[in-house]
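Visitor: Once you've looked at the hints, go ahead and assemble the two chains, each given alone in its own frame, into the complex.
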Amino acid sequence: KAGVTQTPRYLIKTRGQQVTLSCSPISGHRSVSWYQQTPGQGLQFLFEYFSETQRNKGNFPGRFSGRQFSNSRSEMNVSTLELGDSALYLCASRPRTSGSYEQYFGPGTRLTVT
Amino acid sequence: ILNVEQSPQSLHVQEGDSTNFTCSFPSSNFYALHWYRWETAKSPKALFVMTLNGDEKKKGRISATLNTKEGYSYLYIKGSQPEDSATYLCAPLISGGYQKVTFGTGTKLQVIP
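The listed protein sequences correspond, in order, to chains A and B.
According to the working numbering, the first sequence is numbered sequentially starting from 1.
According to the working numbering, the second sequence is numbered sequentially starting from 115.
Isolated chain B, as found in the complex (with noise of 0.2 Å):
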């Protein structure tokens, strides 16, 4: 079992303010992360594909890093607003035959107005 970790489990922000969460992951057989966002009564839903060392992403206010050397990704997000609210999962794949995807825990974001 592939063991994948994310920081904080919840994390409650002001609207405006920019924050950061961690996802932690076993770096040997790294094939690529994702990081998918789940907000509540609907699916989750995929932010970044991200399969390089040092990779950036960038989709409006939020962004994402790769450190695949040490196994760990950072989700950003820049003056957080209510619509941000949700559930950030990360999911690594490991190779070797098919690429098996492994769920983190998830760290669940409330934006305050």
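Bound conformation, chain A alone (with noise of 0.2 Å):
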């Protein structure tokens, strides 16, 4: 099986912008979520979707927003970017949100805020 795709791997964007980054899980995962990762911090939580609604939020502030799609594929949007926004953001899929399930990650979408 293919594993979980992220695309893109690296960008650039300028505070203020908007973003978007895309997740696809492991085909037949329906479970995706979402992490940040910052120079000193462990993976922080940012949401999980499973079936096209968020299952699982984290303490990230509502410029902080995804989506599913029916076909599990989902998507993370930052608005207004800021600086501290610079980070490593990591998708991870699961069969399903129950159960002791392994989470399988991405290789990651580095994002850097000018």
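Everything labelled a hint here was simulated from the structure, so no lab data went into it.
Because the structure is a prediction, the values reported are computed rather than measured.
Careful: at least some of the hints might be erroneous.
[What the hints assert, rightly or not] Reference listing, derived: stretches of chain A covered by chain B, where coverage requires no fewer than 3 residues with Cβ under 8 Å from a Cβ of chain B: (1) 36-43; (2) 105-112.
[Said to hold, decoys possible] Here are the simulated BS3-like pairs of lysine-lysine, each with C-alpha atoms no more than 25 Å apart in a straight line: (3) B:222 - B:192; (4) B:156 - A:13; (5) A:1 - B:159; (6) B:171 - B:192; (7) B:156 - A:1; (8) B:192 - B:173; (9) B:159 - A:57; (10) B:173 - A:1.
[To be verified] Interface residues of chain B toward chain A, partial, derived using beta-carbon atoms under 10 Å: (11) 150; (12) 203; (13) 217.
In this text, a Cβ means the ideal position worked out from N, Cα and C, and glycines have one as well.
Guide: Here it is, written out as structure tokens:
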């Protein structure tokens, strides 16, 4: 099976702009989670989607939003970018939100905000 | 917010040394615990999924134990090799509706040849 894919891999944006990141989960996986990783921080949970519905949400401002499509692909949007949004954004998929299934991570999108 | 602590934050060991690190988490509403290995420039990959108190898992030179009553898990690496250099993350899942995954900040292991 193909792994989790994320596009783009690298992105440079200017403060105040908005950005959309894309994630395609492993075939058959219906849950997609998004994480932010900044230097010195662990993986900070943004949100999880399952069957096109947001099931869990982390403690991020409303500028961070996401959605999931009927084919389980997910997008994450960040509006009004701030310098502090520079980070590695990882998405991960698992078969469903219940059960002890481990997550499978994509390669990440490295976002730099200048 | 689930408080997940990993210690130490970083570790340097010589090749051939054995080492271990700890993941502490609240024991209430425990559902499962995942260990991940995150190598530089790669994606985190699952090492173990642990669900039962007293669980022990082993993969080659790496093993893990779980104590759900007191809320901790240990990861052991026997005879560390340079290829073991990575950040090791633990992620407990709490029950109640949709299981939410919370990651610890990780233990960064550097094995010196």
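Visitor: Evaluate each hint against the coordinates.
Guide: How the hints compare with the structure:
{"no.": "1", "hint": "36-43", "in the structure": "holds (count 3)"}
{"no.": "2", "hint": "105-112", "in the structure": "holds (count 4)"}
{"no.": "3", "hint": "B:222 - B:192", "in the structure": "16 Å, holds"}
{"no.": "4", "hint": "B:156 - A:13", "in the structure": "23 Å, holds"}
{"no.": "5", "hint": "A:1 - B:159", "in the structure": "16 Å, holds"}
{"no.": "6", "hint": "B:171 - B:192", "in the structure": "14 Å, holds"}
{"no.": "7", "hint": "B:156 - A:1", "in the structure": "18 Å, holds"}
{"no.": "8", "hint": "B:192 - B:173", "in the structure": "11 Å, holds"}
{"no.": "9", "hint": "B:159 - A:57", "in the structure": "23 Å, holds"}
{"no.": "10", "hint": "B:173 - A:1", "in the structure": "23 Å, holds"}
{"no.": "11", "hint": "150", "in the structure": "8 Å, holds"}
{"no.": "12", "hint": "203", "in the structure": "7 Å, holds"}
{"no.": "13", "hint": "217", "in the structure": "4 Å, holds"}
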